[in-house]
Amino acid sequence: MRRYFGRKLLIYGLTFFVAVTINWMIPRFMPGDPVSSMLSRANVAQPAAVEAMRAHYTAMFGFDLPLWQQYLNFWGSLLKGDLGISIWLFPTPVSDVIVRAVPYTLGLLIPSILLSWFAGNRFGAFAARRRWLDNSVLPVGYVLTATPYMWLAILLAWALGIVAGVFPVAGAYGFDLQPSLSWTFVGSLAEHWFLPFASLFLVAFGGWAIGMRNMIIYELEADYVNYLRALGAPARLVRRYAFRNAILPQVTGLALQLGVLVAGALVTEIVFSYPGLGHLILRAIQNQDFFLLQGTFLFIVIGVLIANFVIDIAYVLVDPRTRTGMGEAA
Amino acid sequence: MRNRTRFFIPVLAAGLLTAACSGGGGSSTPTGPAAGGAAGGGAAAGGSGGAFPRDETLYTSGTQWGPPANWNPLREWDFATGTKGLVYETLFMYDPNADKFTPWLAESGQWTGDLEYTLKLRKGITWSDGKPFTADDVIFTFELGKMETVPYHPLWDWMKSAEKVDDYTIKFTFVTANHQEWANHLYSRAIVPKHLWEGRSEDEVMNGVNEKPVGTGPYAYYSHDQDRMVWVKRDGWWATKALNKDVKPKYIVDIVNSSNEVAMGLLLQKGLDLSNNFLPGIANLVKGNFGIRTFYDQPPYMLPANTTWMWFNTAKKPMDDKEFRKAVAYAIDTKKIVEGVYGNLVKASDPSGLLPQWDKYVDKNVTSTLGFSYNPDKAKQLLADAGYKDRNGDGLVESPSGAKISLKLIVPAGWTDWMEAARVISSSAKAAGIDIEADFPDYNALVDVRNQGKFDLVLNNDKQLANTPWLYYDYLFRLPVQKLQSTTNFGRYENKRAWELTQQLDQVKPEDVEGMKKITSELQKIQLEDMPVVPLWYNGLWSQTTDSTWKNWPTSAPDAPKYPPTVWRNWLEMGGTLMLTELQPASAG
Numbered sequence: 049m050r051r052y053f054g055r056k057l058l059i060y061g062l063t064f065f066v067a068v069t070i071n072w073m074i075p076r077f078m079p080g081d082p083v084s085s086m087l088s089r090a091n092v093a094q095p096a097a098v099e100a101m102r103a104h105y106t107a108m109f110g111f112d113l114p115l116w117q118q119y120l121n122f123w124g125s126l127l128k129g130d131l132g133i134s135i136w137l138f139p140t141p142v143s144d145v146i147v148r149a150v151p152y153t154l155g156l157l158i159p160s161i162l163l164s165w166f167a168g169n170r171f172g173a174f175a176a177r178r179r180w181l182d183n184s185v186l187p188v189g190y191v192l193t194a195t196p197y198m199w200l201a202i203l204l205a206w207a208l209g210i211v212a213g214v215f216p217v218a219g220a221y222g223f224d225l226q227p228s229l230s231w232t233f234v235g236s237l238a239e240h241w242f243l244p245f246a247s248l249f250l251v252a253f254g255g256w257a258i259g260m261r262n263m264i265i266y267e268l269e270a271d272y273v274n275y276l277r278a279l280g281a282p283a284r285l286v287r288r289y290a291f292r293n294a295i296l297p298q299v300t301g302l303a304l305q306l307g308v309l310v311a312g313a314l315v316t317e318i319v320f321s322y323p324g325l326g327h328l329i330l331r332a333i334q335n336q337d338f339f340l341l342q343g344t345f346l347f348i349v350i351g352v353l354i355a356n357f358v359i360d361i362a363y364v365l366v367d368p369r370t371r372t373g374m375g376e377a378a
Numbered sequence: 003m004r005n006r007t008r009f010f011i012p013v014l015a016a017g018l019l020t021a022a023c024s025g026g027g028g029s030s031t032p033t034g035p036a037a038g039g040a041a042g043g044g045a046a047a048g049g050s051g052g053a054f055p056r057d058e059t060l061y062t063s064g065t066q067w068g069p070p071a072n073w074n075p076l077r078e079w080d081f082a083t084g085t086k087g088l089v090y091e092t093l094f095m096y097d098p099n100a101d102k103f104t105p106w107l108a109e110s111g112q113w114t115g116d117l118e119y120t121l122k123l124r125k126g127i128t129w130s131d132g133k134p135f136t137a138d139d140v141i142f143t144f145e146l147g148k149m150e151t152v153p154y155h156p157l158w159d160w161m162k163s164a165e166k167v168d169d170y171t172i173k174f175t176f177v178t179a180n181h182q183e184w185a186n187h188l189y190s191r192a193i194v195p196k197h198l199w200e201g202r203s204e205d206e207v208m209n210g211v212n213e214k215p216v217g218t219g220p221y222a223y224y225s226h227d228q229d230r231m232v233w234v235k236r237d238g239w240w241a242t243k244a245l246n247k248d249v250k251p252k253y254i255v256d257i258v259n260s261s262n263e264v265a266m267g268l269l270l271q272k273g274l275d276l277s278n279n280f281l282p283g284i285a286n287l288v289k290g291n292f293g294i295r296t297f298y299d300q301p302p303y304m305l306p307a308n309t310t311w312m313w314f315n316t317a318k319k320p321m322d323d324k325e326f327r328k329a330v331a332y333a334i335d336t337k338k339i340v341e342g343v344y345g346n347l348v349k350a351s352d353p354s355g356l357l358p359q360w361d362k363y364v365d366k367n368v369t370s371t372l373g374f375s376y377n378p379d380k381a382k383q384l385l386a387d388a389g390y391k392d393r394n395g396d397g398l399v400e401s402p403s404g405a406k407i408s409l410k411l412i413v414p415a416g417w418t419d420w421m422e423a424a425r426v427i428s429s430s431a432k433a434a435g436i437d438i439e440a441d442f443p444d445y446n447a448l449v450d451v452r453n454q455g456k457f458d459l460v461l462n463n464d465k466q467l468a469n470t471p472w473l474y475y476d477y478l479f480r481l482p483v484q485k486l487q488s489t490t491n492f493g494r495y496e497n498k499r500a501w502e503l504t505q506q507l508d509q510v511k512p513e514d515v516e517g518m519k520k521i522t523s524e525l526q527k528i529q530l531e532d533m534p535v536v537p538l539w540y541n542g543l544w545s546q547t548t549d550s551t552w553k554n555w556p557t558s559a560p561d562a563p564k565y566p567p568t569v570w571r572n573w574l575e576m577g578g579t580l581m582l583t584e585l586q587p588a589s590a591g
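Sequence order for the protein chains is A and B. Numbering of the first sequence is given in our numbering, commencing with residue 49 and proceeding in unit increments. Numbering of the second sequence is given in our numbering, commencing with residue 3 and proceeding in unit increments.
None of these hints come from the bench; they were simulated from the model. Ideal Cβ placement from N, Cα and C applies to all residues, glycine included. Be a bit skeptical, because a hint or two may be false.
What the hints assert, rightly or not - Now the stretches of chain B that chain A is said to cover, found in silico as 3 or more residues with beta-carbon under 8 angstroms: (1) 58–70; (2) 78–91.
Stated by the list, open to error - Below are the EDC-like pairs computed for lysine to aspartate or glutamate, each with C-alpha atoms no more than 20 angstroms apart in a straight line: (3) B:K250 with A:D224; (4) B:K485 with A:D182; (5) B:K511 with B:D361; (6) B:K465 with A:E99; (7) B:K289 with B:D549; (8) B:K235 with A:E99; (9) B:K272 with A:D144; (10) B:K456 with A:D81; (11) B:K485 with A:E99; (12) B:K366 with B:E531; (13) B:K527 with B:E513; (14) B:K148 with A:E99; (15) B:K410 with B:E516; (16) B:K252 with A:D224; (17) B:K214 with A:D144; (18) B:K485 with A:D81.
Only chain A is shown next, with the shape it has when bound in the complex (with noise of 0.2 angstroms):
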């Protein structure tokens, strides 16, 4: 056991060193200087207060040191919770702007990822034995699993948000609303959640249902259903172990969705302009905020390895074969 989760942890110390890295790196191989960027957005008429302007920031962002000594630093502070300042919105300290945003990416994210697994999963189960779900709901989950993302999120906005205009397209909650705990805000959040919410949801059911469908059928034919079926077994118990021995390769597939998922919320959030961490992403690279976009890369990253972790903890529960494989090992 203790091996086991030694090793795990190992490899995930040593993700996380390269992931970090690699994500320091990027941003400085961009072409293009964020201080640059940011004076030629003052447009100051002197140059001479360009200069002056240019050294201070130059300065205060710590550009002007060597790179090697730029990395030191970047860990130096990392390790002491400081993400430094963000360029774009200056002064805000990077860690303010991005628990900001992640509340709502957070929101958007888990319910959906989790609802759809487990809805997707139930329904395929199902619709392996009901012949007449399987001819005609099933082939809509193909449908939706195959559509790019993109498309469908602005289908439904198109649809429901502007033919319809049923739901608001833009925002968190409405403009006219100041934050509270009243029902009418809270009214507003869930109305401007649904849209962005649903897209994710579909397309990860579909899939969802798919796999669990095909695995049911596969497990259905195998050589223990046959004998428990000789011994008599009812339906129900038979159906009970096909759907255990089902549900692993699927538990694997929701620690892998949980890291493709984050990239599929920055384009949720950009279709629907929902204030999230994808969102702050685009910005960042659009007006080269440096510190910003290793925020929330960092973020995304630390998110996907602990999703990772508390699947293979489950996977100890879930699967006997992992415990007898510690077993061996230790």
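Take the given structure of chain A and dock chain B to it, following the hints.
Quick look at chain B alone, frame taken from chain A:
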């Protein structure tokens, strides 16, 4: 078997819980930043659940490209919309349409000597915290400029001192009397309260957030969130008593831009009263019955705000040859850009490049004899006369020395209208035999090569309409050329005479229009003979309004107000604030 159900029940529970939380989780979060806001303007929130009554709220958009991050009036490029204009005010207002200065915080001001300017302040003005506004605040604000990183620091190269005569009188003395620039400072500098800013370090002054700004203006901070900035009307604004002017909307909600589609959608649903976005195709909506209006009800629909120039990198061959530059100017089909790319939302520029508001400074004799217009035959003639010939028969000319000419015109990727315009320039130049290719680097990369002088051709419109055309000549001719040219003379064009004239122009009194014209006429002659830069078209002061909640917007109609209909940064003191005082609730009949 039971094990399985036991495992799935918590999963289900967790799923449902997070689903439930996402509504609640989302709701509890924004209260974080807003809790501060509610504290700031809590009294005004009333019992309406925090909502802004539609008939008392003005919704604007188009100026803010990111969440409001600071309220520091010295950071003129990224403070939250309205920080200067709604909260901090200026000594004068300047109306570019009427070319008129209106005393604002100042009561009057005049040159009392060759190098001396005396300013009288209005009495009875108070800061929003109740402290009186006096000469000390004005002197303090100007003296902040002694800090090296404050953008108006160069003022102190030619200003000697700002002295207090009495509480409401200030005497400024100068080393050089740069009248034009000084007039610009008078309506551009936001005056800050000395009693709150006094102890701040240079770092705090320039980089401080300045939450809860205390100003003399008609509005105060109410709240902000990632996608909006909310201002609330303040009681006791001095201008109500002194000038009988009153801003009508109780709340101003400025919505952060996300995309043109969103702005257009909000506008059509009457969720926006004033949009300062560039919305392509808006002309169709203005002509159709959608309740959307612009300043003019026919082309160009918008007031002009700045000129788009094409810079030649004069440090490079063959752009160092003025004959070649002239040929390029004749080869550009601006009409096609105005009609095809913009659908007549903009106007082609005068050959001088000066905005229509500066028309009186254009010497028509000079522009009619030296001015250029689209004429491919003339372009070919100029090229041939200067020795540019097509030697290899590909339809494109080579330089007299035989070197191949292939130039790149750069505009930022994503600026779709400019990209389209660059394509038009490229194809019309090619038709005249000049190989110009449109290229779209990332904005930051473009800034880099532009400042370092590593480009061939670049489009730019950085300088806005202001009180004096001096600003444009400073932009065109400023010397000496630096290693990095970040804001002026991107083309590295060196002409000592032009720069001398520009400096002379700066020292002409703004009232002396004849004196200014004499110099601008000479500058135009140099500009058109040498063609260091090609003026192309006037970008509009993008502005669309709806009448559902507020009316009496500025338009070209005879009895309507004529202020610039905008809340753009640095335009509130050019009439934006006055526009707010002219608005009327639509329900008032």
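Comparing the hints with the structure gives:
no., hint, verdict
1, 58–70, "holds (count 4)"
2, 78–91, "holds (count 3)"
3, B:K250 with A:D224, "18 angstroms, holds"
4, B:K485 with A:D182, "70 angstroms, violated"
5, B:K511 with B:D361, "18 angstroms, holds"
6, B:K465 with A:E99, "19 angstroms, holds"
7, B:K289 with B:D549, "15 angstroms, holds"
8, B:K235 with A:E99, "39 angstroms, violated"
9, B:K272 with A:D144, "33 angstroms, violated"
10, B:K456 with A:D81, "15 angstroms, holds"
11, B:K485 with A:E99, "11 angstroms, holds"
12, B:K366 with B:E531, "15 angstroms, holds"
13, B:K527 with B:E513, "23 angstroms, violated"
14, B:K148 with A:E99, "15 angstroms, holds"
15, B:K410 with B:E516, "41 angstroms, violated"
16, B:K252 with A:D224, "13 angstroms, holds"
17, B:K214 with A:D144, "18 angstroms, holds"
18, B:K485 with A:D81, "15 angstroms, holds"
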